[in-house]
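Assemble the whole structure, with the sequences as input and the hints as a guide.
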Amino acid sequence: MPVPFEALLPFALLTVCFGATGTLFSIAKRATNDGKVGYFFEEYEENQWELARRRNSMNLPPRYHIDSWETMMMERDRRLTGSLRGQSTNPTAPKEFATNSVWETERVH
Amino acid sequence: MASHRSATFSDQPYSDPNPLPSSVPHVEELGTTSAPLKSISFQLGSHCKAVNDDFMLCKAESRDPAKCLAEGRKVTRCATELINKMRESCLSEWDAHWQCLEKNNQHFQACRKLEKGLNDCAFSKLNLSKSIPGSPDGPQVHEKKSPIFTRVQK
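Note that the protein sequences, when read in sequence, are chains A and B. Letter by letter, the first sequence follows residues 380 to 488 in my numbering. Letter by letter, the second sequence follows residues 394 to 547 in my numbering.
Hints are computed from structural coordinates only; laboratory data are not their basis. A hint or two may mislead.
[As the list claims (entries may be wrong)] Calculated from the model, a selection of chain B residues having no Cβ within reach of chain A, i.e. all distances over 10 Å:
(1) SER403
(2) SER415
(3) SER439
(4) ALA443
(5) PHE448
(6) LEU450
(7) GLU454
(8) ALA463
(9) GLY465
(10) LYS506
(11) LYS509
(12) CYS514
(13) SER522
(14) ASP530
(15) PRO532
[To be verified] Below are the DSS-like pairs computed for lysine-lysine, each with C-alpha atoms no more than 25 Å apart in a straight line:
(16) LYS518(B) with LYS478(B)
(17) LYS467(B) with LYS431(B)
(18) LYS523(B) with LYS467(B)
(19) LYS496(B) with LYS537(B)
(20) LYS431(B) with LYS474(A)
(21) LYS474(A) with LYS467(B)
(22) LYS496(B) with LYS509(B)
(23) LYS509(B) with LYS474(A)
(24) LYS431(B) with LYS442(B)
[What the hints assert, rightly or not] Covered stretches of chain A (in silico footprint by chain B; criterion: 3 or more residues with CB under 8 Å from a CB of chain B, positions within the stretch not fixed):
(25) 396-406
(26) 463-470
(27) 473-480
Note that CB positions come from ideal geometry on N, CA and C, so glycine has one too.
Shown next as structure tokens:
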């Protein structure tokens, strides 16, 4: 008896949809910056939206279960290397590190 | 309330460009980021125990940043000294371990093999061993042959 392929079409459609989503998603992840930071410490001249767009996702798995300690350390990494996931083993910090800490402020007058 | 004022937030983050006053002695800040620091955290803890304890006790007395600057400078100098020693003697093992940590959400349990290499190198060259304070009797969790909690199955 021949296989009733019409009945299996929805399954094939679902598989293709999932496959396409997954492929496009991984292409998008790979297409974002490879972990190279093209600039250092110019971030405060830029609009926050530009900054968020340029935040590079390297070819590393994302961090999860990030608590406030990890957030603080990742912010420190950003001040040291320019990227939230940038790492280095330099014993001394760049000169800008002394003054580039961000203070959450609100204008009162 | 009648005295309520609405919030005004700036779209630019605020950072103070003024350097520290010259009355504060200058110390080169540590440039090492989170993954390498986590990797040698226990070696740092045993090498710099005295100055770290001083700083923590000072902070326990008062949260004012100005009160603990001297102890903080000592901590920075001790950590810088250990980082320099690690770089000259155990750099490849250290690099391998912290890169493994970065790929695994900085979980120690995912990188035990490389951690063993790093601990052996640190013990032989710098006489620093890793021991977790408050561990129960028996082998430490990083030395167990078949630990209960390991990395997620890939």
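Claimed clearance of chain A by PHE448(B), with the beta carbon kept past 10 Å: With a cut-off of 10 Å, PHE448(B) remains clear of chain A, as the shortest Cβ separation is near 17 Å.
Outside-interface status for SER415(B) - nearest CB in chain A farther than 10 Å: Non-interface label on SER415(B) holds, nearest chain A Cβ at 13 Å vs cutoff 10 Å.
Given coverage of the region 473-480 of chain A by chain B, tested with a Cβ cutoff of 8 Å and a minimum of 3 residues: holds (count 6)
Beyond 10 Å from each Cβ of chain A, as asserted for ASP530(B): For ASP530(B), whose nearest Cβ neighbour in chain A is about 29 Å away, the distance exceeds 10 Å, so it holds.
Coverage criterion applied to the region 396-406 of chain A (partner chain B; beta-carbon cut 8 Å; 3 residues): Contact hint for the region 396-406 of chain A vs chain B: violated, 0 residues under 8 Å.
Least C-beta distance between SER403(B) and chain A, which was stated to exceed 10 Å: violated, 6 Å
Cβ separation check - PRO532(B) to all of chain A, threshold 10 Å: PRO532(B) is indeed farther than 10 Å from all Cβ atoms of chain A, at 27 Å.
Least C-beta distance from CYS514(B) to chain A larger than 10 Å: About 15 Å separates CYS514(B) from the closest Cβ of chain A, which puts it past 10 Å; holds.
Hinted pair LYS523(B) and LYS467(B), Cα distance within 25 Å: Holds, at roughly 22 Å.
Chain A versus GLY465(B) - minimum CB to CB distance exceeding 10 Å, so not interface: Answer for GLY465(B): holds, closest chain A Cβ roughly 14 Å.
Satisfaction of hint between LYS474(A) and LYS509(B), Cα-Cα up to 25 Å: Roughly 35 Å separates the two Cα atoms, so the pair is violated.
Non-interface claim for SER522(B), where every Cβ of chain A lies beyond 10 Å: holds, 21 Å
Hints 1, 23, 25 from the list above are not met by this structure, while the remaining hints are.
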